[in-house]
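K.L.:
Hey, can you work out the whole structure from these sequences and the hints?
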Amino acid sequence: MDGIVISDLPGRLRVRLYRPGLTPKAFDRLSGAVMKVGTVKYFAFNAVTASLLVIYEPKETVRLGILDALADFEPGAPRALSGRELTIHAVGEETPLPFNPLWSYILKKIFLPKPIRYVITIISAIPYIFEGIKYLLWRNRLSVEVLDAAALTTLFLRWDLNSAGTLLFFFSLSNYLEAWTRRRSLSGLFRSLAGHEEQVWIRTEDGQEVRVKESELTIGSLVIVRAGGLVPVDGRVTEGEAMVNQATMTGEPLAVRKTVGGAVFAGTAVEEGQIIVRSDKVGGETRIRSIIEYIKESEASKSGVQGRAERKADSIVPYNFLLAGLVYLFSGNSMLAGNVLLVDYSCAIRLSTPLVVLTAMREGNEQGVLIKGGRYFEELARAKTIVFDKTGTLTEAKPEVSEVCPFAPYSRNEALRLAACLEEHFPHPVGRAVVRQAKAEGLGHEEEHTSVNYVVAHGISSTWHGHRVLLGSRHFVIDDEKVIISDTELAEATRLSADGSSLIYMAVDDHLAALIAIRDRLRSGVRETISDLKDRGVERVVMLTGDLENAAAAMARQAGFTEYLSELLPDQKAKVLKGLGRSGDGVMMVGDGLNDSAALSLADVGIALSDGSELAKDVANVQLLKGRLSGLVLARDLSEQTLARIHSNYSVIVTMNSFFLSLGLMGLIGPGITALLHNLTTFLVALRATRPLVSGQPAIPHPVRADDSNRIPSKLNVD
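Quick note on this note's numbering: the sequence shown kicks off at 788 and runs consecutively.
These are computed hints drawn from the structure, not numbers from a lab. No false leads were slipped in.
Taking lysine-lysine pairs in the DSSO-like style, the calculated list, with each CA pair at most 30 Å apart, reads:
#1 1321 x 1413
#2 1365 x 1171
#3 1159 x 846
#4 1362 x 1321
#5 1159 x 1413
P.N.:
The structure is reproduced here in C-alpha cells:
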C-alpha cells in the first residue's frame, strides 16, 4: 500500500495514503493485519483526510511491524476468509447461516454413490487449494491456508478421497461453528443496543422547546443538541456552534468545529457548545447504521492475546513443512511425511481463540456487561488500579435535594423553580434531582429564559428576564465568575456540606441567590464491590471528585476508600489518570458524566454506567448495562476466565496434536485416522471455546488479602 508517514511519535503513527479509497472490506483486512503485530490500542481510518491513525505500545519492534504490515497490504486483494460479511436486517437478525454441514455430510453418505461423492469432494477442495497457492505465490507466506492446501493435495495424490472428504467436512463444520457462535454474539449485542430509546429536545414552529422520543422525529425536525449529547439524526446545522466528536464515523478522535450549514451525523457527540440540526435522515435508518458500525468496530478490536495466538499459529506452519521434509528425507516414506501435513496446530489455535472472545462478549452482554472489543478483556484482567468518579458513579443515579437555602430577595420556591427551569436541559444526575424536586413540589415553570449555555464540568449560564443567571459549582460561580460570597453565605455553605452533601451555587446578576444541597446516597454494594476487586488482585482503589475536601472525605470514609482526591476539574482528573498510567500496571476508570470523558479515554479501560451521559458511554470501552457496580467484578472474572480458557485451549491443542503426530510417525494410525483425530480435536476445542465462561463455572481462586476497610482515607499523591 502506497502512502507517506506524516506523524511518527512514540506510540502514535499517522500515515496518509496516496490512494484515498479504502473500502470497509479493505479496512477490516488491514485492521486484522495491524492488530497481529503487537499491542495496538487504537486503529482508525479518516476518509476525509485519507489517513490512518495507529496508537500502539511504544516499542520499536511494534512500530516496525506496523509499518511492514501497512507496506505489504494490498487494498484490492480479496479477503482471506469468506462468509464473514456482517449484514443486520431491520429486525436485528444477521444474514442467515449456511446449511449445517453435518446434515449435508450424512445425506451424501446415505444417498449418493461413491463416484458422485468423489466428484463433489474434488470440486469442494479446489477453492482451498487455490487459496493456498495464492498465499504461497502472491503473498510469499507459509500460512494455514498453504498447509490446508498441501494436506488436501497430498491426499489427492494418494487418491485417498475418503480422507479428503472427511478433511473438507471438518473444515466446513469448524467454519459453521464459528459463524453460529459469532451470530449469537452479534445478535445479542444488537438487541441490547437497539432496545433503548432516548428522548431528545426539539424546537417547534412557534419557537418552544419540547422533549420527544427519537422515534417521533421526522424529516425537517429541528433537533437541539447540547454539550454531552449524541446527535440522533443526519442533518445540517441551522443555528449555533459546537465541537463535535465524529470518531464513530471517521475514526478521528479529535472533535471538529461545526457551524451553520455544516453536516452532522447520527451517533456523533457534541463535546462543547450547542447546535440546532435540521434532520435529513431519522429513525431506525440512522440508529441501525450506527449500531452496525459499532459492532464492526468491536469485532476489529482484537485482544493482544488473540493477536499473539494468530501470530503463533502462522509461525508454526513452516515447522510442519520442515518436519514433513525431514521425515521423507530420513525414511523415504511419503505416507509418513504426508501424515505430518494432516496434523497442524495452527487451525485449532486460530479458530478457538476468536471463538472464546466472541463467547465472552456474548456472555458479558447477557449478564449486563457490554465489552466493546476483544482487546479489553486482557486490559481488564491485568489492571492493578481502579479509579472511580464520585457523583453518579459511586452514588445513586437519582440524587436528592436535601435542602434549598435562598438568599434575599429570592424565596425558596423562586430559587428552586428557576434552577429546575435551567437544569432540565442537561442530562446529568444532579440536574435531574433538581428537576424532580421542583416537580414533586408542584413548581411548574414557563420557558422564560433565553438560550442556555453549558460550560463543561462547571455549570450553566443564561439570561432570565434580563438578568444574568449562573448555576453550577463553587469553582464556576465564585472563583471563575467572581461572584461575591458574604461571611453569612459562606457559613451556610459550610453547614450544608458538613454531612457530605454536594452544593449547587446559583447567582443572579453577580450576587448569590441560593444554595441547593444535593445528598447523593451511596449505591448499594459499593464496599462489597471494592472488597471483591481487591480479592481479585486490584491493588489501588482511588476516588476522584470535584467536591470540596470535607464532602470528599466523608464519602471516602463511607465507601471504604483509602485514597482520594477532591476539588478536581476535568483536566485535573485527566492528569491524575496519566500519572497513574505511568506505572504500566493497567488502570481502569469508572465514570458517568460529561466531565469524565477525557479521563475515561486516557485509562487503559474506560467503564461507564448505563445511566450516565451519552458521551461518557460513547467514549467508554465497557458499559455496565444494569447500572450496578457489581458488574465490575463480573467483568474482571469474565476477563480472567477468558484468558485462562485461551491458554488452556492452547495446551490441549499442543498436547493432543503432538500425540496424534507421534502415532502417525510411528505408523500406528493411517492418514484417514490422523485427519479424523486432528479435526475432531479442532472441533472439540472450538466447541469448548463456546461453553459459558462464568455462568455455572467455579470462580478462579484468588489470594486472600488483609481487610483494610478500617484504614483512614488518605490524599492521593500523584505527580
